[in-house]
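A.B. asks: In case you want the letters, here they are:
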Amino acid sequence: AQSVTQLGSHVSVSEGALVLLRCNYSSSVPPYLFWYVQYPNQGLQLLLKYTSAATLVKGINGFEAEFKKSETSFHLTKPSAHMSDAAEYFCAVSPGGGNKLTFGTGTQLKVEL
Amino acid sequence: DAGVIQSPRHEVTEMGQEVTLRCKPISGHDYLFWYRQTMMRGLELLIYFNNNVPIDDSGMPEDRFSAKMPNASFSTLKIQPSEPRDSAVYFCASSSYVVAGAHTGELFFGEGSRLTVL
Chain L
1 AQSVTQLGSH VSVSEGALVL LRCNYSSSVP PYLFWYVQYP NQGLQLLLKY TSAATLVKGI
61 NGFEAEFKKS ETSFHLTKPS AHMSDAAEYF CAVSPGGGNK LTFGTGTQLK VEL
Chain S
1001 DAGVIQSPRH EVTEMGQEVT LRCKPISGHD YLFWYRQTMM RGLELLIYFN NNVPIDDSGM
1061 PEDRFSAKMP NASFSTLKIQ PSEPRDSAVY FCASSSYVVA GAHTGELFFG EGSRLTVL
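Line by line, the protein sequences are chains L and S. Following our numbering, the numbering of the first sequence begins with 1 at its first residue and continues without gaps. Following our numbering, the numbering of the second sequence begins with 1001 at its first residue and continues without gaps.
Watch out, some of these pointers could steer you wrong.
As the list claims (entries may be wrong) - The calculated DSS-like cross-link candidates involving lysine-lysine, where the alpha carbons are at most 30 Å apart (straight line), are:
| hint | chain 1 | residue 1 | chain 2 | residue 2 |
| --- | --- | --- | --- | --- |
| 1 | L | K68 | L | K100 |
| 2 | L | K110 | L | K68 |
| 3 | L | K68 | S | K1024 |
| 4 | L | K110 | L | K69 |
| 5 | S | K1024 | S | K1068 |
| 6 | L | K100 | S | K1078 |
| 7 | S | K1068 | L | K110 |
| 8 | L | K69 | L | K100 |
| 9 | L | K58 | L | K69 |
Quick caveat, the hints were computed from the structure, so don't treat them as lab data.
Chain L on its own, in the form it takes in the complex (with noise of 0.2 Å):
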């Protein structure tokens, strides 16, 4: 069975500073790592994914991933918060590309002046 944890459901960051959400995944056969974005009162839309060729995946608005299977975890980072990113996120993990995808708890993200 596969899984994701992510640590800390509330993250705040000061505007312009490193955004870091942490993501490890548990999986019996090579997965495919995703994260989402939630803004309010929306759907959840794809921020990035790997799906086994780079282990540094780019995203939309700046994001990026690392994959790093030595330590099962697939963490979220951005140079320099800014207000709209504002949002809760999600990583997800999908055993061997198939479309079942298992979600974590989400991590809200709050950026201050």
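Following the hints, position chain S against chain L.
C.D. replies: Relative to the frame of chain L, chain S by itself:
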């Protein structure tokens, strides 16, 4: 291109009433998913379809819940009778496994149906 369309966006009903949520997936997508989101449980997969056929309904909480996909452009999630603990945001998402020979693995979500059962 239109995204996933869900209706209603908000539904308030009384315990015991029947609730029907509707979803129109993106044209050409062959997978459709129903998720439920609550503060307590986060995002839970209820059921998903491939080519209109239910593949995995292990997440459907009880017999009170049922889902259908009569054709490639329409799906319903029905709760009968509804209970206060069913209050949640229900998301529909669609996907295409392979596009131009490449795996996508990306789900496209609707904006959700917020259900409140009093």
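A.B. asks: Determine for every hint whether it applies to the structure shown.
C.D. replies: Here is what the structure says about each hint:
1. K68(L) with K100(L): holds (22 Å)
2. K110(L) with K68(L): holds (26 Å)
3. K68(L) with K1024(S): This hinted pair is violated, its Cα atoms lying about 37 Å apart.
4. K110(L) with K69(L): Holds, at about 29 Å.
5. K1024(S) with K1068(S): holds (12 Å)
6. K100(L) with K1078(S): holds (21 Å)
7. K1068(S) with K110(L): Violated - the C-alpha atoms of K110(L) and K1068(S) are around 39 Å apart, more than 30 Å.
8. K69(L) with K100(L): Within the cut-off at roughly 21 Å; holds.
9. K58(L) with K69(L): holds (17 Å)
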